[in-house]
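Engineer: As a plain string of letters, each chain reads:
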Amino acid sequence: MSVEYAAQILEGSHRAAARLISWLEDEDERAYECMRQLYPHTGRAYVIGITGSPGAGKSTLTNGLARVIRQSGLRVGIVAVDPSSPFTGGALLGDRVRMNDLADDPDIFIRSMATRGFLGGMAKAAADVVKVLDALGKDVILIETVGVGQDEVDIVDVADTTCVVLVPGLGDAIQSMKAGIMEIADVFVINKADHAGADMLNAEVCARIEMDAHLRKREWSAPVNKTVAVESVGLDEMWLSIESHRKYLLESGKFYDNRRERTSREALRMIHGELFRVVREQLEQSGRLDAAVEKLMAKKLDPYTLMRDTVTEWLSSSQCKRRHDEDTQS
Amino acid sequence: MAGKIKMIMAKPGLDGHDRGAKLLARVCAEAGMEVVYTGLRQTPEMIVAAAEQEDADVVGLSSLSGVHNYFFPKVVELMKQKGLNDVLLVGGGIIPEEDYDFLKKSGMNAIFGPGTPTTEIVDFIRTNVRKR
Ligand code: B12
Ligand SMILES: Nc1nc2c(ncn2[C@@H]2O[C@H](COP(=O)(O)OP(=O)(O)O)[C@@H](O)[C@H]2O)c(=O)[nH]1
Ligand SMILES: [Mg+2]
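Order-wise, the sequence lines are chains A and B.
Per our numbering, residue 5 is the first one in the first sequence, and the count goes up by one each step.
Per our numbering, residue 27 is the first one in the second sequence, and the count goes up by one each step.
Please note that a few of the clues may not be correct.
What the hints assert, rightly or not - Under 10 angstroms between C-beta atoms, here's a sample of chain B residues computed to sit facing chain A: (1) Ile34; (2) Val62; (3) Gly65; (4) Gln79.
To be verified - The following residues of chain B were derived to be distant from chain A, with all beta-carbon distances above 12 angstroms: (5) Tyr96; (6) Glu103; (7) Asp127; (8) Gly139; (9) Gly141.
Stated by the list, open to error - Computed footprint of chain A on chain B; a stretch qualifies when at least three of its residues, placed anywhere within it, have a C-beta under 8 angstroms from a C-beta of chain A: (10) 48-59; (11) 66-76.
FYI, nobody ran anything at the bench for these hints, they're computed from the structure.
The C-beta atom is built at its ideal place from N, Cα and C for all residues, glycine as well.
With the sequences and hints as input, model every part of the structure.
Structural biologist: Quick look at the structure:
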């Protein structure tokens, strides 16, 4: 059944893609066979991140940008992430409210996702969802992060171009500019340029970019765009900025370097996750974790020794070997 | 690893009565569901496209302006056309009781009027939603 889904997704089935995304969110085993089949068909789409503080206008901008992109005939996928409640595990996903004028375009696919406790401004499955939309045939994928503060910068692990959205009147701009989020911008967007203070913010951001250029030589200097998302003002210019960043990436070879780096990180992250899962399962089910914790509490054992012994033992254990043999045989 | 219940809360029609829909969206989120609120003035086509893309387990329709007898069956019909047959369809708002039968016959799973305790709605969804 999951094999059928892969074929359907490659033919453009929104429904099959939607179901696979749910499986990925649930970490349902059925997702992985499907993803194996899709993987060779990924890597084609261009991925754009839209990040910034809550209420900055990210959803409205995403909507407007998608419309601009559609004019050139490109198909668009949108992933919009909102936070889950740490108390109830539920989530109110409100980004679609701002994307209603995209709703009946069959070449647009919008998926709302909850963070489900994952930090960093993203949902855990977001990178996989990007692959699904890519295989589905979307040419450009827009990812709206949750409203972020300072160091939720996981978007750079997924996006080719990251747009940081700033708005006037959100307190001390210079203060917020110290934060990690300023470092990740490939394109700055000053939204709500209809509000007082936009010009001042613009000047501050430009000054900051200039200062950074003195501190560290950069090949790419992030352009600053002013937009009024609710009136679709400045969106063509924003798209041009993104396109020129893309051009820079391709011409400088950075595009390949970045994606290679990302692929490497992703592979390590996945191996890490699976190893941890297997070891943990074994420790918990055998009761050895409990026994070890008892000893830790009584200070008869220290966690540093436990860590080393566990890893050494795991690597030489028959179970680990058996898995290895199975893998090399198949 | 059981998945969360995913719900679309939509308000068809041209009026601005969104309190009930917003309230229900919050109540269901607080009950642990992931609720996509789509906002006002949704056409049946928009609602069904959202249900498909979001892989919704539940679609909630709120109507206070008297358009339920047109919009609700239309949503049901489009859902069927897309093959979204196992999605729970619930409605609410200002709906005269004499319309309940008609709406259920046309494929709505339940209708909840004003004053319904929200716990009753949450319980209904939990009991009747499809298993993934
Ligand atoms: C508040 C209100 C307004 C507010 C709306 C504010 C807002 N943002 O929602 C304002 C003042 C703007 C307003 C305006 C109008 N209103 Co008005 N309004 C009401 C009023 C008094 C209460 C509605 C409400 O918010 N209830 C509270 C919520 C929480 O309850 P609820 O929506 O019923 O939801 C409960 C259940 O129905 C159910 N439920 C609701 N939705 C859903 C969805 C799902 C999936 C589920 C499971 C359950 C569910 O669960 C909830 C909890 O129990 C009603 C009268 C009434 N007693 O209902 C009239 C009423 C709805 N309004 C009415 C009218 C006519 C108007 C106006 C046209 C008046 C005018 N001539 O200007 C305008 C239209 C404006 C516009 N552009 O749309 C009429 C509609 C008549 C009809 N059906 O034909 C009503 C019924 C009053 C009347 N008796 O005439 N209104
Ligand atoms: N005045 C003004 N309001 C805007 C602009 N862009 C968005 N908004 C409003 O700001 C609010 C938050 O927008 P939203 O896109 O949901 O922000 P998000 O939380 O960053 O996704 C909404 O009420 C929008 O209508 C703008 O350029 N100017
Ligand atoms: Mg948003």
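Engineer: Determine for every hint whether it applies to the structure shown.
Structural biologist: Verification of the hints:
Hint on B/Ile34 holds. Least Cβ distance to chain A is approximately 9 angstroms, under the 10 angstroms limit. At a threshold of 10 angstroms, the smallest CB-CB gap from B/Val62 to chain A is about 5 angstroms, leaving the interface hint in force. At about 4 angstroms, the closest approach between the beta carbon of B/Gly65 and any beta carbon in chain A falls short of 10 angstroms, and the interface hint on this residue holds. At its closest, the beta carbon of B/Gln79 sits 5 angstroms from a beta carbon of chain A; the interface hint therefore holds under the 10 angstroms criterion.
Every C-beta of chain A lies more than 12 angstroms from that of B/Tyr96, the closest at about 18 angstroms, which supports listing it as non-interface. For B/Glu103, the shortest C-beta to C-beta distance to chain A comes to about 16 angstroms, beyond the 12 angstroms cut-off, and the non-interface label holds. Distance check on B/Asp127: its Cβ is at least 31 angstroms (rounded) from any Cβ of chain A, clearing the 12 angstroms threshold; non-interface status holds. The claim that B/Gly139 is not at the interface with chain A holds, since no C-beta of that chain comes within 12 angstroms of its own (minimum 23 angstroms).
Even its closest Cβ contact with chain A, about 23 angstroms, leaves B/Gly141 beyond 12 angstroms, as expected for a residue assigned away from the interface. Proximity of the segment 48-59 of chain B to chain A, defined as three or more residues with a beta carbon under 8 angstroms from a beta carbon of that chain, is established by the 8 residues found. Beta-carbon proximity to chain A at under 8 angstroms applies to 7 residues in the segment 66-76 of chain B; the threshold of 3 is reached and the given coverage holds.
When the structure is compared with the earlier hints, no violation turns up for any of them.
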